[in-house]
Each structure stands twice: as C-alpha cells, then as structure tokens.
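**Student:** Protein chains in written order, with our numbering: chain A, 1 to 219; chain B, 1001 to 1208.
None of these hints come from the bench; they were simulated from the model. Treat each hint with caution, since some may be false.
Stated by the list, open to error - DSS-like, lysine-lysine: derived pairs with alpha carbons at most 30 Å apart:
1. B:K1139 x B:K1183
2. B:K1162 x B:K1139
3. B:K1006 x A:K123
4. B:K1162 x B:K1183
5. A:K90 x B:K1139
Said to hold, decoys possible - Computed footprint of chain B on chain A, listed as stretches where at least three residues anywhere in the stretch have a Cβ under 8 Å from a Cβ of chain B:
6. 68-76
7. 83-94
8. 183-195
Glycine included, every Cβ here is placed at the ideal spot set by N, Cα and C.
Chain residues, written in single-letter form:
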Amino acid sequence: MSAPSFADRFRNGLWYENPGLVQLLGLCPLLAVTSTFVNGLGLGFATLVVLMASNALVSATRRWIQPQIRIPIYVLIIASLVTCIELIFKAFFPALDRSLGIFIPLIVTNCAIVARAEVFASKNSVASSILDGFVMGTGFAMLLMAIGLFRELIGHGSIVSRMDMLFGGDPMRGLVLTDGGWLLAILPPGAFFSLALAIAVKNAIDDRRKSAMPRRTRR
Amino acid sequence: MNSIVKGGATLAIIAALCTALVALTYTATADRIEANEQAWLERSLQPALSGLFFDSNVTESMITIPPPHNLPGTEAAIVYRVFAEGAPVAALFVVSARDGYAGPIRVLVGVDVSGLVTGVHVLEHRETPGLGDRVEPAKSDWVQQFDGRSLTDPAPAGWAIKRDGGQFDQLTGASVTPRAIVKAIRETLLYFEAHREEIFSSRQEAAE
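The following block holds chain A by itself, in its conformation from the complex (with noise of 0.2 Å):
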C-alpha cells in the first residue's frame, strides 16, 4: 500500500471517508447543534482542534503506550483537550458556548475523534497525524456547517444569523429572508432528514460520475 498524496487525503477526509457522511461517526452532535449555521461551525471548529490535538498526542505517546490499555489513554487524552476547549470557549466565546451547552464537553463521546486515534494516529507519524485530525475534522466541520445552513434557511428563513455568537458585539440576525419558516427542519426530525438529504446527494453525484467514467474505480 503506497501513501496516498496529500491531495488524495483531503478528498479522502472531505469526500470518500467523510466522518459524517461516509463513515457516519458522531452524529449525536452532527443531528443535536445544527440547527443553525454558527451553532455548526462552533462545534465543527472545537471538535476541528481537539480532533488534531488528540492525533498529535497520540502519535507522540504511541511508542510508550501498551495495547492493552490504549483505549484509557486515548479517553483520558481526549476528555482532558475538551475540558480545555470547554475553558476556552467559556472564555472567548461565552454566548456560543451557552448556545451549544451541553455539546461541548459531549465532544468527548464523539466516536470519530477515538476512531482516528485507533486507525490513524496509533500507527502513523505525529506530522502524518495532525493533517489526518485536520482533514478529517474538516470533513465534519463542513458537513456540520452545511446541514446548519440549510436548516437555519428552512427553519427560520435566515442565513448565518448570531455570528455575534462568534465576534461579539450585539445580535446579529444575519441575511433575514422571511420572518419564520418551516418548523420542522430545526425540530429533531429536521436534523434527521437533512442528514439523509445529504447522504442521498453524495451518493447521487457518486454514482453519476461513476457511471461518467465506468472504468475508473477510486482506489
């Protein structure tokens, strides 16, 4: 198995492998803050971080570390970078961190963040590493973003509203198209479907190009 280049890992983290879309790891975050556009990119950006800070940390230790005891090294690791991220929110991003409540520390039981540092950063150079949480947290982050978006947009007929949330200053209620929307798409059920949506349409452009270019397979 040759390593793939750099350019086959980000289509890799941001299209093939995606955490959310592909490998659908970390949906209780991905369904429960998206809800609006800030909201995802909030907890796209903190899981982002901690998702590169755990790979690094557990590329760095990976010689010194038994197999037998890896999982609780891998969860003290990473509970210990999301109580930080949880401090640092609190302190630069006080009213997203109210907003996203409960989802920050929940980082912690995010699958995908383990996932990688079982597949990838046990095995690989801190380098290698670091660009793995990097794409991968990416591929979430904008998966996050893009459910958030649209159903900010059905839901409440706005686009990036309270990006105060992130800048401070006073409420922002972004580009405001219609007053209220379709309820259900920020109800719980809205979350599910525009998951679903979003799978289906990343299949369908799959399977067109594939049937595009037939001989072509993509490994």
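Mind docking chain B on chain A? Use the hints.
**Tutor:** Only chain B this time, still in chain A's reference frame:
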C-alpha cells in the same frame, strides 16, 4: 505481573500530564470566565431594571432563599435587591417554572417595592423551538405584557392565559409555556407580598 505494573505506571504518568494540562488551562482562563459570567448576569438583569432609579450594586446584593419556600421551583431561589439611598426600590427574583413543556424554565421577575412588575425575562429554557421559545424577548414581545402589572391588576381570576379565562395572551400553538410562566410570576408576586420586609432587611450573604 510486570506488564500490569508497567501499564499502571504509564496510565498514571499520562493522567498526571493530562491533569496538568487542564489545570494550566483553568488557571489561564479562570479570570476571563468569571468576568464573562458577571457580564452575562448584569446583562440579563437589565430588562427588569430599566426605568428604575437606584444607586446600589445590584449583583452584590444577592440573597438566596433555600427551599422549602413558596416560590416557583424546588431549588434555592435567588433574589437581587435594589436600593436607592438605602431605601428599597425593587427585588429581582430568579425562579424556575416547573410546569413547562420540557424541563424547568428559569425566569427573572422584577417587582418594585409597591408590588408592580418591573420586567420579566426568560433566562433559560428548553421549550420547543419555534413554538414555546417565542417567550424569549429576542423572538417576540410576549413578556412585555407583564410590565406594570400587580396582584390586583388583573384581579386573581385574571392571572391566567386567555385560553384559561384569564387576561394574558398566549402564543399561537403553545399554551403550556405561557401558562407556566404566568403561574410563576403570580406565585412570585404572592411571595413578595408576604415576605417583603424580610427580603429587604435580610443581610447579604457571601456570593457562592
């Protein structure tokens, strides 16, 4: 045996390092977090303070009323007292309405010394987005209908939502949330009427 000792030692070392990392971050952010909490508190008390004349530090005049009390909610209620030149002006109650649609609704109820509502603000809730959440001041002006009301205005029978024969508007498609909040405000007013003297005379406690 050897592997157990080795594994245990590795775990202990990593745990110590992780703890150090968290402790470091905590130390670096503690002051900022506290300042944020304080700013948030002051901002959220504002709706019940507008139009009042006072010269005291509101957040420092906090008292807690431990349960059992007749206020809404089962946990300790928080009261901020407002004074002008030492004389009582108003009391701001932070109480929990227990009979909302999903979990407790934290409500700030400001009452001036004569028993008039100075302002109501929903601080925290888990009501249905798009329905019950319209009690939030950012989403509708529903809470403003309580300004200036008192136990005698409307009369006790009127302290309910219109659907229950009262005088207060409900929200279309959501009556559970408004009903719970109306009830919580009324209970707060009743408590204030019965305990006005002790609320203003009780000595300030150290903030927890």
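**Student:** Going through the numbered hints above, which ones does this structure break? Give me the numbers in ascending order.
**Tutor:** The structure breaks none of the hints.
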